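Please model the complete structure; the sequences and the hints are all you need to start from.
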Amino acid sequence: MNNRDPENSPVIRLSDICFSYPGGPEVLDHLHLNVYPGERIGILAPNGSGKTTLFHIIMGLLFPQAGTIEIFGEPVRTEKDFRDVRKNIGLLFQDADDQLFSPTVLEDVAFGPLNMGKAKQEALAISRQTLSFLGLSGFEDRITFKLSGGEKKLVSLATVLAMSPRVLLLDEPLTGLDQDTQGKLVSILSEIDLTYMMISHDIDFLEATAEKIYTMKDGKIMVDEGLYIHRHKHAHMLGNMPHRHE
Amino acid sequence: MLDEPFASGNSVIHRLDPRFRVMAAIVYSFVVAIVYRFPALGLALGASLTMIGLAGLAPGRVFYRLLLVNGFVALFWVILPLTAGGEIVYQLGPLDIQKRGIVLAAQITLKSNAILMALIALTATMSFATLGHAMNQLKFPEKLVYLLLLTYRYIFVIEQEYKKILRAIKIRGFSPGTSLHCYKTYAYVIGMLFVRASARAERVYQAMRCRGFAGKFYSLAEFDSSRRNYVFTALMTLTAAGILYLEYLPK
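Chains as they are written, first to last, in my numbering: chain A, 1 to 246; chain B, 247 to 497.
Incorrect hints may appear among the rest.
The calculated label-pair distances, taken between Cβ atoms and stated as ranges, are [to be verified]:
no. : chain 1 : residue 1 : chain 2 : residue 2 : range
1   : A       : Met116    : B       : Ile436    : 19 to 25 Å
2   : A       : Met237    : B       : Arg418    : 49 to 55 Å
3   : B       : Arg473    : A       : Leu194    : 48 to 54 Å
4   : B       : Arg307    : A       : Gly135    : 34 to 40 Å
Hints were generated in silico from the structure; no laboratory data involved. Here the structure is a predicted model, which is why all the values come from computation and not from measurement. Idealized CB from N, CA, C, for every residue including glycine.
Structure follows, in structure tokens:
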């Protein structure tokens with residue numbers, strides 16, 4: 001994956017990003033990050049290392065004190081620039097209750113397409129299609145706050161996918177999900193043909209859904225080869241019994 | 247919890263266009279609020295009872311809702327006959343029971359019950375979301391409508407946060423009492439609830455901006471306007487006219 005075509009320019013390019021919250025230490029310290037089309041990146045890093053901050057900077061919800069952001073090759077600086085970014089990059093929030101604010105599922109999913117200027121009928125058609133892609137047909141008139149945690153997460157994903165983004169950012173998508181819904185999410189992510197980057201603490205999940213795993217340290221992204229997570233398969237006698245490797 | 251026991255149903259009233267119902271409820275409430283004569287109030291009460299009947303609502307549940315308001319109205323029955331002045335009809339020990347107070351209390355009782363029943367029959371028979379959309383299409387101020395809908399959406403979340411905090415203090419042995427420690431704890435709970443609510447609001451707004459929100463809401467609601475709605479409007483107009491006629495009828 002590292003011998004990419006040089007013509008293939010990054011969809012997200014962050015250079016020298018510095019960010020700190022008022023009165024706090026540097027969360028991001030001269031951070032560099034390139035995301036290329038088609039990449040599936042997992043970010044595995046300790047709490048407080050600035051992962052969510054990084055996503056919010058890409059979306060223009062936070063503005064860095066220094067550094068440059070280029071999305072799809074264009075530099076973005078102002079709130080107005082970021083409005084276009086948000087049409088193309090979808091962010092799945094950690095807490096689905098933050099994302100779902102409409103009374104019914106269908107209205108919530110249609111919110112994005114309507115904001116993008118789609119006509120009512122078209123927005124409804126897109127929303128129904130997205131719901132059915134995620135196996136949520138029949139959820140249209142359900143009341144959002146009465147959904148279960150797993151349903152909320154999938155509907156949140158629908159609200160993001162309905163805007164047909166080119167890049168997806170997922171902030172701890174597994175939080176509060178049971179095994180079944182986790183499995184569903186893994187199969188959805190393997191099906192969609194999108195560039196995505198996700199934060200998770202679950203190594204098995206990242207292994208199943210990401211082709212690269214980055215970590216963050218001292219306000220920087222570590223893309224060192226040594227940090228790649230891998231798993232070996234091996235066979236030996238009595239391997240089906242509980243045993244220990246020395 | 248805020249459930250909507252009356253919102254589901256398939257009565258004549260449920261099938262009416264929500265916009266017509268909201269308009270009718272507003273106009274009717276104003277008319278009933280300005281009349282004082284008993285024949286007019288009697289007609290209003292009758293009309294409201296008819297609406298409840300047409301909506302096919304469980305009388306027990308309606309009665310329970312009315313009870314809440316009538317508990318408040320009962321206070322008027324205690325205070326007004328003693329303080330409103332006028333002719334004394336009865337001497338209860340040192341207390342004078344005055345006619346004017348009884349009349350006023352009776353008027354308030356009839357009015358509030360008639361208005362409340364009409365509101366239950368006409369507006370509680372639609373879901374909160376529908377009410378929001380109806381208000382939106384009736385050109386109520388957008389901010390007001392979305393304030394209403396978002397409050398409705400997040401009041402549950404805030405309740406959950408509140409319960410979370412309560413659990414957190416309970417499992418550490420807190421029990422309410424009358425001590426400075428207790429008051430301080432409750433002040434912290436309320437303070438924390440405000441902080442969490444405002445942080446929540448910030449995140450919801452961020453999520454909305456991420457989905458292209460730029461200050462304009464679009465409504466998906468569509469209501470059918472069949473002839474039934476005009477019949478309903480005509481009936482409501484006649485009722486309102488009848489009530490006003492009985493009020494302003496020359497003696």
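Each hint tested on the structure:
1. For A/Met116 and B/Ile436, the hinted distance range of 19 to 25 Å is not satisfied, since their beta carbons lie about 40 Å from each other.
2. About 52 Å separates the C-beta atoms of A/Met237 and B/Arg418, a value consistent with the hinted range of 49 to 55 Å.
3. Distance hint check: the CB atoms of B/Arg473 and A/Leu194 are about 50 Å apart, consistent with the given range 48 to 54 Å.
4. The hinted window of 34 to 40 Å between B/Arg307 and A/Gly135 holds, with their beta carbons roughly 37 Å apart.
Violated hints amount to a single one, hint 1; each of the other numbered hints is respected by the structure.
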